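Asker: Model the full assembly from the supplied sequences, consistent with the hints where possible.
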Amino acid sequence: MGYAVEESTYYEFEPIHMQTDILYGESYAILDECTSWDFDTTFHYEVLYVAAEGIILKKFYRKKLDNVEILESHPLFQSSIWIIEETTSEIINAEDIIKVVAQDIYASKVPTNNGTYQYLVKRSKLFEQFFEDLYEEMNGYYSEDQSRAQEKWKFGEFLQSEYAVEFEHSEGTDIILSSCLGMMRKLNLTDQEMAEYFLKYNM
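Numbers in our numbering are just positions in the sequence shown, counted from 1, shifted up by 2.
Worth flagging that the hints you see were computed from the coordinates, not collected in a lab.
The model shown is predicted, which means the values in this text are computed figures rather than measured ones.
There's no promise every hint is true.
Below are the DSS-like pairs computed for lysine-lysine, each with C-alpha atoms no more than 27 Å apart in a straight line [to be verified]:
1) Lys61 x Lys188
2) Lys111 x Lys188
3) Lys60 x Lys156
4) Lys127 x Lys101
5) Lys156 x Lys188
6) Lys188 x Lys124
7) Lys124 x Lys60
8) Lys202 x Lys111
9) Lys188 x Lys202
10) Lys61 x Lys202
11) Lys60 x Lys188
12) Lys127 x Lys188
13) Lys127 x Lys61
14) Lys124 x Lys111
15) Lys156 x Lys61
16) Lys124 x Lys61
17) Lys101 x Lys111
18) Lys156 x Lys111
19) Lys156 x Lys127
20) Lys60 x Lys127
21) Lys111 x Lys127
22) Lys156 x Lys202
23) Lys101 x Lys61
For each label pair, taking beta carbons as the anchor points, the in silico distance ranges come out as [to be verified]:
24) Tyr63 x Asp193: 22 to 28 Å
25) Ile93 x Glu138: 33 to 39 Å
26) Lys127 x Glu170: 37 to 43 Å
27) Tyr108 x Tyr63: 21 to 27 Å
28) Glu195 x Phe169: 15 to 21 Å
29) Gln152 x Lys111: 44 to 50 Å
30) Glu173 x Tyr63: 47 to 53 Å
31) Asp106 x Asp193: 22 to 28 Å
32) Lys202 x Ile93: 30 to 36 Å
33) Asn115 x Lys202: 21 to 27 Å
C-beta atoms are modelled at their ideal positions from N, C-alpha and C, and glycine is treated no differently.
Answerer: So this is what it looks like as structure tokens:
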């Protein structure tokens with residue numbers, strides 16, 4: 003997501019999707035400025051992605067061209083790129099995301115009135131799209147193309163065998179396991195990590 007400030011006017015640009023898994027350990031804001039603004043405009047950027055250590059939120063700032071370094075070659079790109087100053091980098095714990103879902107594990111839509119959700123969105127509006135994608139993935143394992151995914155039933159068997167969790171053969175169980183699998187995929191969690199959150203939040 004990007005936004006520009008020109009005198010007292012604020013302009014916001016829609017988030018774009020990026021493939022970031024190959025960029026871990028690097029601080030690049032890879033965003034196309036396909037706008038009419040010239041190089042005298044000040045831009046702010048935000049990047050949100052999931053890494054091994056958690057959810058990474060990075061913010062970048064381009065003050066005209068004063069703090070921009072032009073890199074003529076890079077193994078990932080065919081043309082020169084700008085290296086823009088990184089202003090902040092923080093790790094958001096996956097548990098913050100799980101808290102939002104666990105408050106109502108049966109919900110099919112993002113609970114926008116949830117306090118933790120509102121707190122995260124205040125940190126970055128990119129969390130709005132992040133949660134939309136998460137709920138779409140969870141719903142997909144319940145009612146769409148991936149509803150017959152064997153992974154969710156294997157996770158249920160894992161909970162039963164390793165943690166003595168008892169399930170009924172019901173629609174509710176299907177929803178719970180679909181939500182768990184969606185969170186595991188979106189947040190890059192292992193079976194054991196998800197199981198511990200499952201028990202902690204009484205899902």
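Asker: Which numbered hints turn out to be false for this structure?
Answerer: Numbers 3, 10, 15, 19, 24, 25, 27, 29, 32, in rising order.
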